[in-house]
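> Quick note: the sequence shown uses numbering that gives the first Met the number 0, first residue 0, plus one each step.
Hints are computed from structural coordinates only; laboratory data are not their basis.
We put the CB at the ideal spot given by N, CA and C, even for glycine.
Honestly, I wouldn't trust all of these hints.
Calculated cross-link-like contacts (lysine to any residue; reagent style SDA-like; alpha-carbon spacing at most 20 Å) [what the hints assert, rightly or not]: (1) K101 to E66; (2) K101 to E169; (3) K44 to A27; (4) K50 to Y153; (5) K115 to L125; (6) K115 to Y79.
What follows is a list of derived Cβ distance ranges for each label pair [stated by the list, open to error]: (7) K179 to D21: 36 to 46 Å; (8) E182 to N111: 32 to 42 Å; (9) K155 to N24: 35 to 45 Å; (10) K160 to D102: 12 to 22 Å; (11) K179 to K155: 31 to 41 Å; (12) K172 to E20: 15 to 25 Å; (13) R82 to T128: 15 to 25 Å; (14) K83 to E113: 27 to 37 Å; (15) T144 to N187: 39 to 49 Å; (16) E190 to I119: 28 to 38 Å; (17) T128 to E159: 39 to 49 Å; (18) K155 to K83: 34 to 44 Å; (19) K2 to E167: 20 to 30 Å; (20) K179 to D102: 18 to 28 Å.
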Amino acid sequence: MYKENYGNIPNKDKINYYLIEDNQNIGAWVRRSKIIGKTAKMMAKELGLDKDIAFACGSLFEIGKKENKNNLEKNIRGFYILRKESYFFPAKTNLSHSFIIKDIDSFIGEDNLEEKDKKIIKNFLLSYTYTDYDKLIQVLDNSITDKYIGIEKYQKYLKEKYKKIPYEKERLKILESYQKYFENKLKNPIEYYTNKNIKK
Numbered sequence: 000m001y002k003e004n005y006g007n008i009p010n011k012d013k014i015n016y017y018l019i020e021d022n023q024n025i026g027a028w029v030r031r032s033k034i035i036g037k038t039a040k041m042m043a044k045e046l047g048l049d050k051d052i053a054f055a056c057g058s059l060f061e062i063g064k065k066e067n068k069n070n071l072e073k074n075i076r077g078f079y080i081l082r083k084e085s086y087f088f089p090a091k092t093n094l095s096h097s098f099i100i101k102d103i104d105s106f107i108g109e110d111n112l113e114e115k116d117k118k119i120i121k122n123f124l125l126s127y128t129y130t131d132y133d134k135l136i137q138v139l140d141n142s143i144t145d146k147y148i149g150i151e152k153y154q155k156y157l158k159e160k161y162k163k164i165p166y167e168k169e170r171l172k173i174l175e176s177y178q179k180y181f182e183n184k185l186k187n188p189i190e191y192y193t194n195k196n197i198k199k
């Protein structure tokens with residue numbers, strides 16, 4: 000579907016195709032992506048966002064995992080997968096979600112990219128201004144495991160997993176400011192919308 004100022008956005012069937020039908024790596028990440036996509040969609044109206052764009056960005060922000068990619072390679076592959084089919088806006092969230100701090104050295108995990116791909120990410124971070132869609136996916140990605148646990152607990156989870164978080168305090172401060180910004184617009188806390196989209 001086409002959205003003015005945002006271009007082509009995958010519809011529900013296309014999103015399902017990416018997550019299920021054309022997925023070489025079905026796993027828990029698919030359920031998590033669906034939860035984040037549905038939560039973003041439910042929150043969209045109250046935030047003044049387009050529900051279809053929020054749903055696509057939230058559902059597909061880690062789609063590089065379908066090719067069994069991980070670390071920074073996952074981000075760039077997801078970007079290429081969506082860009083190849085002219086889904087340019089959702090493609091960007093495959094990069095932006097991992098860079099709360101707009102510095103490639105802030106990535107949590109392994110830098111497993113060739114220099115040409117790193118250059119694409121560096122240029123993206125320099126030139127791109129984050130939208131509310133990017134910020135919303137960053138908040139949800141950093142609040143949810145298989146359930147809502149919140150930003151602080153999620154950051155502790157990341158630290159246990161990776162041992163080190165670059166720009167740790169700055170990162171947390173930015174995420175908390177985004178959360179406050181969104182919750183000031185919402186009728187309920189973010190946890191409420193997440194819980195509505197977790198199947199018991």
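> State the violated hints by number, sorted upward, taking the hints as numbered earlier in the document.
Going through the list in order, the structure violates hints 1, 3, 4, 9, 11, 12, 14, 15, 17, 19 and respects the others.
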